[in-house]
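Please put together the full structure from these sequences, using the hints given.
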Amino acid sequence: MTSPSPAAWFRRALPTRRRATAAAVVVVLLAAAVTWAVWPQGSGVRAESAMLTVRSGPSGGEPVDLDTTLYLPADASSARKVPAVLLAHGFGGTKESVRSDAEEFAGRGYAVLTWTARGFGRSGGEIHLDSPDYEVRDAERLLDWLAARPEVRTDAAGDPKVGVVGGSYGGGLALLLAAQDRRVDAIVPMITWNDLSRAFLPESTGGAPTEGVFKKGWAGLFFGGGGNVGSGPAGLSGGTAAAPQGAPESAGPPSPGPGAGPGTAPGGAPTGAADPSCGRFAADVCAAYLRIATTGQADQAAVELLRRSSPAGVLDRIKAPTLLVQGESDTLFPLGEADANAKGIAAAGTPVRVAWFTGGHDGGAGPRSDSDRVKFLTVQWLDHYVKGEGDAPGDDFTWSRIAGFDALDRGLVATGFRRADYPGLAGTDRREVTVTGPAQPIANPPNGNPAAISSIPFAGGLTSLLDGVASDVPGQHARFESAPLTEAVDVAGAPTVTVRAASPTGEAVLFVKLYDVDKDGAATLPNGLVAPIRLTGLPQRAQDARPVTVTLPAIVRRVEAGHRLRLVVASSDQAYTTPAEPTVYTVAADGPVSLPTVAGEPIPTAATVWRWVLAGLLAAIVIGLVVVVAVVRRRHRRQDRSVHPEYADTPLAVRALRKEYADGFVAVSNVDFEVHPGQVVGLLGPNGAGKTTTLRVLMGLTQPTAGEIYVFGRRLVPGSPVLSRIGALVEGPGFLPHLSGLDNLKAYWRATGRPWEDAQFDAALEIAGLGDSVHRKIKNYSHGMRQRLAIAQAMLGLPELLVLDEPTDGLDPPQIAEMRRVLQRYATDGRAVLVSSHLLAEVEQTCTHAVVVNKGRIVASGPVEEIVGESPSVLFDVTDPVAARAVLDRLHGVRVLPESDGQLVVDTNGTARSEVVAELVRAGIGVDRVVPRRRLEDAFLALVGDNSRGSGDR
Amino acid sequence: MAVVDAGEARGYRPSATMPFKAEFRRQASRRRTQLALGFMVLLPLIILIAFQFNSGGDDDNGRNEFSSLVDLATTGGLNFTLFSIFVSASFLLVVVVALFCGDTVASEASWGSLRYLLAIPVPRARLLTVKLVVALAYSGLALLLLAGTALLAGTLRYGWSPLRSTVAAELEPTEGLLRLLAVLGYLAIVLLVVAGLAFLLSVTTDAALGAVGGAVLLWILSSILDQITALGALRDFLPTHFSTAWLGLLSTPVQTDDVVRGCISAISYATLFWGLAFWRFTRKDITS
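One line per chain: the protein sequences are Y and P, in this order.
At position 773 of the first sequence the residue is numbered 773 (the working numbering), and the sequence of numbers has no breaks.
In short: position in the second sequence from 1, add 1000, done, that's the working numbering.
Note that these hints are calculated values from the structure, not bench results.
Don't be surprised by glycine CBs; every beta carbon is placed ideally from N, CA and C.
A couple of the hints might just be wrong.
Selected chain Y positions facing chain P (in silico; Cβ < 10 Å) [as the list claims (entries may be wrong)]:
no., residue
1, 287
2, 403
3, 404
4, 636
5, 643
6, 696
7, 707
8, 711
9, 713
10, 714
11, 728
12, 758
Covered by chain P, according to a simulated footprint, are these stretches of chain Y (three or more residues, beta-carbon under 8 Å) [said to hold, decoys possible]:
no., region
13, 142-151
14, 614-621
Calculated cross-link-like contacts (lysine-lysine; reagent style DSS-like; alpha-carbon spacing at most 25 Å) [stated by the list, open to error]:
no., chain 1, residue 1, chain 2, residue 2
15, Y, 343, Y, 319
16, Y, 319, Y, 375
17, Y, 777, P, 1021
18, Y, 746, Y, 779
19, Y, 343, Y, 81
20, P, 1021, Y, 746
Put into structure tokens, the structure is as follows:
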């Protein structure tokens, strides 16, 4: 319980060289880790921006300025040619929207050409919706330009090694370009369309686009705002977040007024600015839109125009291997569009691979696992078919399903699956679930207001996050519900249902949707997807109605066991144009809902790896533990168990003990002594002589720097079993303050693990002499009571060697006298006692032997009588101490020791006492008494000098 | 006294010193142990009483996020338990674990009884092992007491109903109980970091308060750093980064990714800290 002096503490706190080195290493490592983590990645990519004038149009002679940027790997040159990627942006974007993707491709060793499509940004021209005569021809000219670049690898003169990548508008371009230009080596169209007319005018019973229901929400957004829609996962990192300079375009849904259309974009063509209703749209596209949006239906000419911009008719001409990536959360271009593209391209014998991810025009890039998968697939596709590296990617199908919220960052979590072949939208298997309900009348609201909400176009990831966004208006929808599912169904594909409808007008526009209803009754419309149908020739009465089969948009969803399916047929939807006249339809649904399912195996994720890491870690810890325990056991077994023959019967032998602390302070420099049976040895020394350190080493609390200690011939190291034969009181008592004295002794003995009857509590308690106080708590004890209890604790089990540090500290004189007797009695029967004390009189009266240490060294040791006998000091009782002192000081070698009470203690130092007396008498001083001092104190002072300063706390 | 092979006193065996039972009693006799464990029992009851006041209260403060937690908490015993765990996981349990593991060696050092234990002699590694195991056992007991009382009191008051949560659909009571046990298990593993840190500090300092406070302080520091997203991937290495991953155990399907990574992180840290503690203590000069 001693607290080191401030100076010592300060010395210890100062860094030693070793500590400083360790600290420096840790700091450097930490700094390196931080730097490595936050250091911006060097791009190693150079970019060249240029305004290229290309000639296109139906005649191939109309010039248009295209704003381009070419990204090149830093080491690309005419000597080291690289393959190229034509990277197209989404509708409303610019070349800046895809910059980060471009840089990433360039970093992977491609020359990447990005450009702002005509009608957008700083490029000239008008928007022709990926028209083969305009946008596609522009892209062909860009291929020419690429082929002429010295850095770009070519198949033949004028034919660059090139892949075309793009999302949405850019994806459509990729398909159309590949169909029109055989120089394209591979394409990766993402979240794009097959038939633009069907995308904007869907009809889910198989009707023609002229019969379709106008998707006015999306169409309006494109025509009016033309925001940065559909960059989706364009390229690698999911374009929505990848357009720092495209920020104006991507800043959310712009105002839908025509004046705010693309026509107001800076650098717009003069002709575009002239017509406020068309903006930068080409006149024919604009006119078609205006016609459709006005009537809610498309005429054949408008459909033809949209078909011209669709890959649907030209798929058989695509020879470039195609990776189709489509989003599940996409009410604009649902999975069916990619399905149609895949079938058409595959029919021509071109390699096609399909992947679905959980994002899309509504869902954005999807969860991290999805964008990583899309990125991997894209790079793999291009590397093989364009760069010519890596194995053929194959045509297996991968998809993913939203599994829930991430518990940590509240994002979505998707589970990936794969199977060897692409099953299409019909699934590999089907589950039929019966939904029931009576025929119900539903009202068609005039002018489609109020309308049900199924999805919010352009809401980004919001739609999938807020599954509860879907709502139906009372009176405007009919419900048909199933019984709770007995087992979970993994739907992947387009469900089909059969409905019947009757209408007084003979026509009806209806929206069929399939909800997943959980046990609490909360209904979820998967991805906000609805099937709009336009039925004609309907009877007046429901019982006359003929069933029609409706193919719902494809979904990927797990319907849990216990959930119900709810088929809803609604008369209105905010995203679509519905008949303006109020009507009341009657709808019925019979027959089951047919759910397609696809069997696939989960794609192993990082979680699997982490599980192995965890298993490995646990195994490593177990093995490490076993090894450590084995090594410790082995070392323990090999420990020196021999008995030093010389000291076999000696309770304690200390040999050349040295203790040097870490800060270089030498507390004990060389200490040798022995304690023999029957002896009570006093360890004497001034403060800081090294007594306490010696005892600490003796108790195994501190490692000696050098030297040995033998207890009954056994070498003593920290934790030596032979320590169990020593009872100790070192540096004051140490008790649990909340326990009584007796409980403390019991707790101590319990900790020894030795037999209860060996403790001899009665004897110990008698020594302690605490009476009934043993039952009081230690914290109420006086210092002396604790001291006595500590001595009693040291004597528990009657150890053969008793080591007591300042045992009489805090005891009153009768107790001291008692203690003296106890110790002398104790040192019988082969036992021994080592007492350290600064009360010299005590040692003199108690001990048989004494060891005097000073400044870490033994200065004397032996029987007390011998040490005292060597003392040359004499006590003079004189009449005039002052004069006597003066006389004695004159005598050579005689020294007056500091002593009070008018007595003089004199170290005669070899001078005969008679001579000293004679000198005093000669000086006229009366000498009353001359007593030879035989006190240990004098001997002690004689041995260590009267100056114990400068030695510090040892 | 007969002298046997290694020269020890009769009846002395290094492996028999400091029996687990003795250490259990030693710690059980301490007021702080009794108070900490008692509080674990008391806390759910206090929360339960607090909810009684809430039920008739004003509606104004009823529509924030916390109140939705409160609403969920009163739907059943399982949810009440979840709520009790949720409110105590971030701080209270950290303090309790730090108390049990940080105080155990440092308090012996400050009383001066440590040197008498070592002079018995209790082998140092054994002393640490016993101390650590007992401290961990008490920490686990605290966790179980909290959950057990909450489950008992909550079920008696609110009934045995399915487990609901904001991250997933409701779970059947038996399934919910399993999930709850998994949450407790994960929480126990995450708290091993605190246990490790507190234990390391405990063998390094003689001040029990320093060890407990230091561990809690470093835990808070790590939590603060974890809020700074600018640190990026470095945050994954913070011991507190995955401390709330147990929420993933409530979702359907169970999200084990972060749970597994959290386990890796916690076990690595705990092993490191304990390793350092053993390495340090078995070589240290005991000067207290």
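Each hint, compared with the structure:
1. Hint on residue 287/Y is violated. Least Cβ distance to chain P is approximately 50 Å, over the 10 Å limit.
2. At a threshold of 10 Å, the smallest CB-CB gap from residue 403/Y to chain P is about 6 Å, leaving the interface hint in force.
3. With a least beta-carbon distance of about 4 Å to chain P, the hint placing residue 404/Y at the interface is held under the 10 Å criterion.
4. With a cut of 10 Å, the hint placing residue 636/Y at the interface with chain P holds, because the nearest CB-to-CB distance is about 9 Å.
5. Restraint check, residue 643/Y versus chain P: the minimum CB separation of about 7 Å is within 10 Å; hint holds.
6. Proximity of residue 696/Y to chain P holds as hinted, the smallest CB-CB distance being about 7 Å (cut-off 10 Å).
7. Using the Cβ-Cβ criterion of 10 Å, the hint placing residue 707/Y at the interface with chain P is not satisfied: the shortest such distance is roughly 15 Å.
8. Taken as an interface hint, residue 711/Y checks out: its beta carbon lies about 7 Å from the nearest beta carbon of chain P, inside 10 Å.
9. Annotation: residue 713/Y was flagged as interfacial toward chain P, and the flag holds, the nearest CB pair being 7 Å apart, inside 10 Å.
10. Look at residue 714/Y: its Cβ gets to within about 4 Å of chain P, closer than 10 Å, so that hint holds up.
11. Because the smallest distance between the Cβ of residue 728/Y and any Cβ of chain P comes to about 5 Å, under 10 Å, the interface hint for this residue holds.
12. For residue 758/Y, the interface hint holds, since its Cβ comes within 10 Å of a Cβ in chain P; the closest pair sits about 6 Å apart.
13. With 0 residues bearing a CB less than 8 Å from a CB of chain P, the region 142-151 of chain Y misses the requirement of three and the coverage assertion fails.
14. For a cut-off of 8 Å, the count of residues in the region 614-621 of chain Y with a CB near a CB of chain P stands at 4, and the three-residue condition holds.
15. About 14 Å separates the Cα atoms of residue 343/Y and residue 319/Y, which keeps this hinted pair within 25 Å; it holds.
16. A hinted pair counts as satisfied when its Cα atoms are at most 25 Å apart, and residue 319/Y with residue 375/Y qualifies at roughly 23 Å.
17. For the hint linking residue 777/Y to residue 1021/P, the alpha-carbon distance of about 22 Å falls within 25 Å, and the restraint holds.
18. Of the pairs offered as hints, the one joining residue 746/Y and residue 779/Y holds, with about 17 Å between alpha carbons and a cut-off of 25 Å not exceeded.
19. For a cut-off of 25 Å, the pair hint linking residue 343/Y to residue 81/Y is broken: about 35 Å separates their Cα positions.
20. Pair hint residue 1021/P plus residue 746/Y holds up; C-alpha atoms about 13 Å apart against a cutoff of 25 Å.
Violated hints for the displayed structure, listed by number in ascending order: 1, 7, 13 and 19.
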